[in-house]
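So the chains spell out like this:
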Amino acid sequence: NAGVTQTPKFQVLKTGQSMTLQCAQDMNHNSMYWYRQDPGMGLRLIYYSASEGTTDKGEVPNGYNVSRLNKREFSLRLESAAPSQTSVYFCASFRGSLSYEQYFGPGTRLTVT
Amino acid sequence: ILNVEQSPQSLHVQEGDSTNFTCSFPSSNFYALHWYRWETAKSPKALFVMTLNGDEKKKGRISATLNTKEGYSYLYIKGSQPEDSATYLCAPGGSQGNLIFGKGTKLSVKP
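From first to last, the protein sequence lines are chains Y and C. Residues 99 to 211 (the working numbering) make up the first sequence, in order. Residues 387 to 497 (the working numbering) make up the second sequence, in order.
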């Protein structure tokens with residue numbers, strides 16, 4: 099069991115470039131989430147997918163799009179990167195029952211210059 | 387959007403000290419309260435998930451309590467060790483598992 103995997107681990111983009119962050123889980127979890135982590139701000143929810151075929155906005159969705167490709171995979175797209183999107187991005191998955199925890203991937207460190 | 391407050395922001399203790407942190411959150415629309423431990427350069431790992439008022443959970447030297455009516459949770463560490471040094475995050479969760487994280491309490495334990 100690899101758990102939650104994310105690619106790439108590191109990325110540097112120029113302002114205006116686009117990219118997609120990939121996330122996959124092999125635990126057969128129903129729900130998946132994208133967070134960003136900035137110094138002094140903690141973890142903030144960008145988008146989530148409670149089940150295959152659905153996506154919803156979190157606290158900070160502006161500038162991002164997501165795709166729940168199938169039950170395993172949930173991608174995050176930056177269409178036109180901005181320096182304010184420099185952050186560490188974490189993907190997480192969740193079984194879907196309230197008494198269970200979320201499992202986090204190792205993170206992607208993104209720098210936009 | 388929920389306002390989740392954690393205190394203190396940071397804490398420095400000596401090895402062997404016992405310590406506790408507070409998480410406060412609006413008590414309406416509550417479904418679950420999560421605690422995570424986050425070591426530098428790693429990803430957050432779950433400690434506890436609590437759903438019921440009065441819940442108490444324990445894992446080794448770490449325990450947590452939950453009061454949903456007044457909207458707070460305490461995390462206790464008994465006899466802190468250097469390996470307990472980490473940031474401790476709490477997060478109330480909605481019905482779809484969408485968590486709102488506090489900014490965390492950063493614990494440093496000196497040998």
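These are calculated hints, taken from the structure and not from any lab test. Each hint should be verified, as a subset may be incorrect.
Stated by the list, open to error - Straight-line distance between alpha carbons at most 25 Å, and here's what the computed PhoX-like set of lysine-lysine pairs gives:
id : chain 1 : residue 1 : chain 2 : residue 2
1  : Y       : 155       : C       : 431
2  : C       : 444       : C       : 428
3  : C       : 492       : C       : 464
4  : Y       : 169       : C       : 431
5  : C       : 428       : C       : 455
6  : Y       : 107       : Y       : 169
7  : C       : 431       : C       : 444
8  : Y       : 107       : C       : 489
9  : C       : 496       : C       : 464
10 : C       : 428       : Y       : 107
11 : Y       : 155       : C       : 496
12 : C       : 445       : C       : 496
13 : C       : 455       : C       : 496
14 : C       : 444       : C       : 455
15 : C       : 431       : C       : 489
16 : C       : 455       : C       : 443
17 : C       : 464       : C       : 444
18 : Y       : 107       : C       : 431
As the list claims (entries may be wrong) - Here chain C is said to cover these stretches of chain Y; the calculated rule only asks that three of the stretch's residues, wherever they fall, bring their Cβ under 8 Å from a Cβ of chain C:
id : region
19 : 134 to 140
20 : 151 to 158
21 : 172 to 181
22 : 203 to 210
Don't be surprised by glycine CBs; every beta carbon is placed ideally from N, CA and C.
Status of the hints after comparison with the structure:
1. 155/Y <-> 431/C: Holds - the C-alpha atoms of residue 431/C and residue 155/Y are around 24 Å apart, at most 25 Å.
2. 444/C <-> 428/C: holds (23 Å)
3. 492/C <-> 464/C: Holds, because 16 Å separates the two Cα atoms, which is no more than 25 Å.
4. 169/Y <-> 431/C: holds (22 Å)
5. 428/C <-> 455/C: Roughly 34 Å separates the two Cα atoms, so the pair is violated.
6. 107/Y <-> 169/Y: This hinted pair holds, its Cα atoms lying about 22 Å apart.
7. 431/C <-> 444/C: holds (15 Å)
8. 107/Y <-> 489/C: holds (24 Å)
9. 496/C <-> 464/C: This hinted pair holds, its Cα atoms lying about 15 Å apart.
10. 428/C <-> 107/Y: Given pair residue 428/C, residue 107/Y holds - Cα atoms ~12 Å apart, limit 25 Å.
11. 155/Y <-> 496/C: violated (41 Å)
12. 445/C <-> 496/C: holds (22 Å)
13. 455/C <-> 496/C: violated (36 Å)
14. 444/C <-> 455/C: Holds. Residue 444/C to residue 455/C sits at ~21 Å (cutoff 25 Å).
15. 431/C <-> 489/C: holds (15 Å)
16. 455/C <-> 443/C: It holds: about 18 Å lies between the C-alpha atoms, which stays within 25 Å.
17. 464/C <-> 444/C: Given pair residue 464/C, residue 444/C holds - Cα atoms ~11 Å apart, limit 25 Å.
18. 107/Y <-> 431/C: holds (18 Å)
19. 134 to 140: holds (count 3)
20. 151 to 158: That given contact holds, which follows from 3 residues of the region 151 to 158 of chain Y lying within Cβ reach (below 8 Å) of chain C.
21. 172 to 181: Not satisfied, violated; 0 residues make the cut.
22. 203 to 210: holds (count 3)
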